[in-house]
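These are the residues of each chain, in order.
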Amino acid sequence: MKNALEKFLKIDRRLIFLALTVLLFAPIVKPLGLPNKNLGKDVVNIYNYIENMPERSFVMLSLDYDPATRPELHPQAVAVVKHALRRNLRVGIFTLNAGATGMIEDIAARIPKDIAPDKVYGRDYVIMPFQPHPVAVMTQMGINIYEIYDKDRNGNPTRDMEVMKGIKSVKDMGLGICITGTAMLDYYVAYLADKNKFPMAGGVTAVSQPGYGPYLQTGQLKGLIGGMKGAADYESLINDVEKGTSGIDALSLAHVLVIVLILTSNIIMLVLKYL
Amino acid sequence: MKKIPLFLSFLFLSSFSNAAKPTAKGAPNLPPLSGFTAADMPGDAGGTALLRWNSPGEAAEGALVEVHASSAAGAGWVKLAEFPAAAKLEKDMDLPFWAWRPSPGRHAAAVDTSSAFGRPAGEQELEFKLRLVKGSASVETEPARAVINGNWFNLSRLNNLILMLTIIIVFFWTVSHAKRKGLFIRRIAGLDAIDEAIGRATEMGRPIFYSTGIGPMSLVPTIASTSILGEVARKVAQYDTSLKVPHFDPIVMTVCKEVVKQSYLEMERPDSYRDDTNFFVSQDQFSYAASVDAMIHREKPAACFFIGHFMAESLLLAEVGATTGAIQIAGTEQESQLPFFFTSCDYTLIGEELYAAGAYLSKEPMLTSTLKVQDFGKAFVMLAVAAGAILIAAGAMFELDALSKVVTQLFKAY
Amino acid sequence: MEFLANLWNSFAGLFTVTPGWMTFGGWVAAGLTICLFSFLYKDNPFFKVAEHLYLGVGMGWLFQVYLFQTWKPKVYAPLMEGQFSVLIPTLLGLSLVTQFFPRISWISRYGFTFIMGYGSGLVIPMEISTNFLRQIGGSISPFIGATGPWDLFNGALVAFGFICVLFYFFFSVEHKGAVKKASNIGIYFLMLYFGAAFGNTVMGRFSLLYGRFDDLYKYSDASYFYATHVVLGLLVAYFVLDKLVLSKKNGGQEPAH
Amino acid sequence: MILIKKHIPLFICFLVGVLTLGSYYVPNVHSENYLELMNKWENIVAGFAFLLGLMSLFTSHFHKISRKAPGWGYSLFVYVGFLLVVVPAVVSGGKPMIGPDMTSLGWIYRFVFTSLSGTMFAVLAFYIVSTAYRAFRIKSPQAFVLFAAAFIVILGRVPLGQMMWDGLLSWTGYQVTDVIEWLMSVPVVAGRRGIMIGIAIGGIVTALKIIFGIERQYMGKD
Chain A
1 MKNALEKFLK IDRRLIFLAL TVLLFAPIVK PLGLPNKNLG KDVVNIYNYI ENMPERSFVM
61 LSLDYDPATR PELHPQAVAV VKHALRRNLR VGIFTLNAGA TGMIEDIAAR IPKDIAPDKV
121 YGRDYVIMPF QPHPVAVMTQ MGINIYEIYD KDRNGNPTRD MEVMKGIKSV KDMGLGICIT
181 GTAMLDYYVA YLADKNKFPM AGGVTAVSQP GYGPYLQTGQ LKGLIGGMKG AADYESLIND
241 VEKGTSGIDA LSLAHVLVIV LILTSNIIML VLKYL
Chain B
1001 MKKIPLFLSF LFLSSFSNAA KPTAKGAPNL PPLSGFTAAD MPGDAGGTAL LRWNSPGEAA
1061 EGALVEVHAS SAAGAGWVKL AEFPAAAKLE KDMDLPFWAW RPSPGRHAAA VDTSSAFGRP
1121 AGEQELEFKL RLVKGSASVE TEPARAVING NWFNLSRLNN LILMLTIIIV FFWTVSHAKR
1181 KGLFIRRIAG LDAIDEAIGR ATEMGRPIFY STGIGPMSLV PTIASTSILG EVARKVAQYD
1241 TSLKVPHFDP IVMTVCKEVV KQSYLEMERP DSYRDDTNFF VSQDQFSYAA SVDAMIHREK
1301 PAACFFIGHF MAESLLLAEV GATTGAIQIA GTEQESQLPF FFTSCDYTLI GEELYAAGAY
1361 LSKEPMLTST LKVQDFGKAF VMLAVAAGAI LIAAGAMFEL DALSKVVTQL FKAY
Chain C
2001 MEFLANLWNS FAGLFTVTPG WMTFGGWVAA GLTICLFSFL YKDNPFFKVA EHLYLGVGMG
2061 WLFQVYLFQT WKPKVYAPLM EGQFSVLIPT LLGLSLVTQF FPRISWISRY GFTFIMGYGS
2121 GLVIPMEIST NFLRQIGGSI SPFIGATGPW DLFNGALVAF GFICVLFYFF FSVEHKGAVK
2181 KASNIGIYFL MLYFGAAFGN TVMGRFSLLY GRFDDLYKYS DASYFYATHV VLGLLVAYFV
2241 LDKLVLSKKN GGQEPAH
Chain D
3001 MILIKKHIPL FICFLVGVLT LGSYYVPNVH SENYLELMNK WENIVAGFAF LLGLMSLFTS
3061 HFHKISRKAP GWGYSLFVYV GFLLVVVPAV VSGGKPMIGP DMTSLGWIYR FVFTSLSGTM
3121 FAVLAFYIVS TAYRAFRIKS PQAFVLFAAA FIVILGRVPL GQMMWDGLLS WTGYQVTDVI
3181 EWLMSVPVVA GRRGIMIGIA IGGIVTALKI IFGIERQYMG KD
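Chains as they are written, first to last, in my numbering: chain A, 1 to 275; chain B, 1001 to 1414; chain C, 2001 to 2257; chain D, 3001 to 3222.
Just chain A, same shape as in the assembly (with noise of 0.2 Å):
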């Protein structure tokens, strides 16, 4: 018994990548199909504020992640870009991190096709090129952005499209939003909404989330939307289901078996402690 217990603790590594790798592709195959319900509140609020802003506000989309995070990331983008254009505000999308400039690629596509076909670039939504320092870029945002934000991605000159008219500095805009998989958000805070009282959200990876949660009750970070379950909850909000939903439906399995291995070799190893 203590010999079969010990052995059975000890197995082969190999055979928990297959038990997760069943539990978690079977659901792609074949979705559970289980509704997403309990949103978050930070969510939550990310979607109030962009709901009361007033039409034709300017909203700085910092998207700041790389392939590497995309499945927990993109979703998110994909929707507070729905979400904005539908309400008809005007949306500016930065980058700092030069990985991000294929991903927003990928969301440029998508505006015209299915995103919101019925806005025109330039007029409603403006794409900026990568820039790097970010702390010089958020401080000159501060001051002036025509400053280094002179040419869009494609070469065109910023100052007089129409989408950028009335702004001159963050001082104008009405809500910075920064999705990252790096401490991106956490400059975002310090050297541009705090210098600047400007109202700054943001979206992050699952890993990085908890560790917002100081910001959030000073009241820094206006919302944050936290790795695929954020994602879920926002395509919820704004009853356009993505990948982010049917994601946050697949790990259910995945998770459950974190649980149920975790409980069994602790079990296993009091049953051994007292046998």
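Among the clues, some could well be false.
Covered stretches of chain D (chain B as the covering partner; in silico rule of three or more C-beta atoms under 8 Å from a C-beta of chain B) [what the hints assert, rightly or not]:
id	segment
1	3024-3034
2	3126-3135
3	3199-3213
No wet-lab data here; the hints were simulated from the structure.
Please read these numbers as outputs of a predicted model, since none were measured by experiment.
Even for Gly, the Cβ is constructed at its ideal location relative to N, Cα and C.
With chain A held as given, fit chains B, C and D onto it using these hints.
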């Protein structure tokens, strides 16, 4: 160059404001705004005026206040802003008590003039007037002049400045003290755990593994890790156990070789020192983890130390040690990796504990002084939170609004 | 000249993405993904190739972004327009590269000190306001702005836990008596934080895996000619073969993993 | 020579540092113009800092190949990967998409870069599961508290877990999401904030050391 667009805008604006020239007919039920003053907005880069006036009272309910301005050159009036007459009380101004004294029954507005009149480097004289509008009736104040300019100090950031200067002073004080007579740092409990682990390894006659992580030598956790490695090596030399230090970074390896050699010398066992204690594995995160894993699996060490800067490989490393039954001691500053270390290791040095352990062992003035400044900051925060909470609660209980306000504004960033 | 232009055009024509390329892309993506996953079974050449390819591709992507979105519009274009003031930051930036040539590496200090001085100057007041003052303010604000007893309790708990955690990280006094008690409470707050972080990390990592599996599922479709199945089969065949050969070579002694 | 090699760079650092620091407290136009100039310059300088990473990757693999170090053949693939992106980028002028059409650069991004970089981190999911089974030991009250928090979060994040909670623990009167919200907004805030303060002051001290030329490691050795 800059003057031409400015000039053009004057032309354009003057013709525009001529058309909108206010009709000076006061409605009988609309009282004129009294006590109107205009001045430069303090603590800004220029281009903003501070206007103050007395509250128009209930008669102006639902009315709007319009701000008009004119350049001193005598050009026409330009409308700068418009807001409800009940808004913008002086006490609503987002400035701390040391930079702003609100008087009751007064309104104040910071009005941006730069969009209409530009923002010259020097002084700029402008004329302002307020217009109270309700329906078709309107009433105007006498114009007031103000000289607008940029200021040399943002008074509302005084709390920040004082704190910064304090930190600089404390910093230099600790640096000089640490160099002259050293500073007290308590012994971290984790160090006892390290001794215990080495003791057990000696009993079992099995080797000890020590990984400094994947950080370069410039990172503080790596520096702290090398000091702890020195301590471990001293114990190892004393008990004559075998030590293995697989490396990710060649420079860190060179430093660690010196550190271990020095420890053996200090314990007077230079003959037992082996140069292959420190060895290079791979400069690739996952290959490094896989190779170290394989080694741990093969050699079944009695104790494993994972101290330094770790990223995702923490998972792979800590797991294999746990399954081979080694005593594991970990320490990192990476918050995302700490949960894994904590659950699979016997003792974990959390963040600054690692720095403290390094500073305690090395007595290096730079490490200890940093730690001291941090302790000073923490003591300040603890005091501020405790005292602030009590004062604010007292303020709320005894309805001392001023007290609560003072405390809140002291710890606010502007 | 015309010949060169034609040559370039036909060369560029090779890079047109046709529907066939899109299908082939599925094979490449499935192949690379499975090669990297094969590390889970054991370290192998396919993993190593894919891993090194990743380093190169990542660098290549960054390089072209910097080339077309920074160097071209921010350095080349202004210089062509005669704005020679960009030469100063350009030279400072290029000076960094001298780091790789020991004899003149000191030149790089000009670039580094310029970056470090600026960054340090900015960070000090920011840390004080964002992570210091406002965090104190946030900890005491519930005592005045609380909307009810539960809110007040939570606010007080945050402040209390905060102070206890700070005691845990306070190294200037011995941990005895009340200090020890406070720091012992502090560690439980840290544990709750780490626990929540652990739970969220599980979700985060699984999400990434879901993303890859989702792609693999897409490429296992008939329209991609079952790319996933075929690649997976080939790799399994390799491992079986490898094991057979290995077990002959060293008598069934597989290196521990 | 020591003046040019050491003292002037240190003086630049001090000067730029102090002026930048001051610009936070001095709202004047001159200070704003200074900051604006710095921002624009730093933006360009940092554009070249990328070359450091590129060169160090290239030289380290070049050394491996030239020394025929073990596994040097793999290093060739670093260069292959680099060209795999840069050549299509030059051909397509750095545009992943031209109108609705994908260029070869976009193709590389979608099928090569995305799968490689996505998978590198996805592998960790497997290790989490095996760590959960083979190394997650609840051996102290602290570890138990950690586990309890993790348990609730893991369960409450997915629909199936929420259903399980509703089935088994609905008598508590709390939704699992409420508990998570509380965790995230009360104890987590306290714990994280406690760590934050130390990091903040550490950052300030490091910055001071750099400005005053006490910390010079970034300059390399003399």
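Here is what the structure says about each hint:
no.	hint	verdict
1	3024-3034	holds (count 9)
2	3126-3135	holds (count 6)
3	3199-3213	holds (count 9)
Of the numbered hints given earlier, the model fails none.
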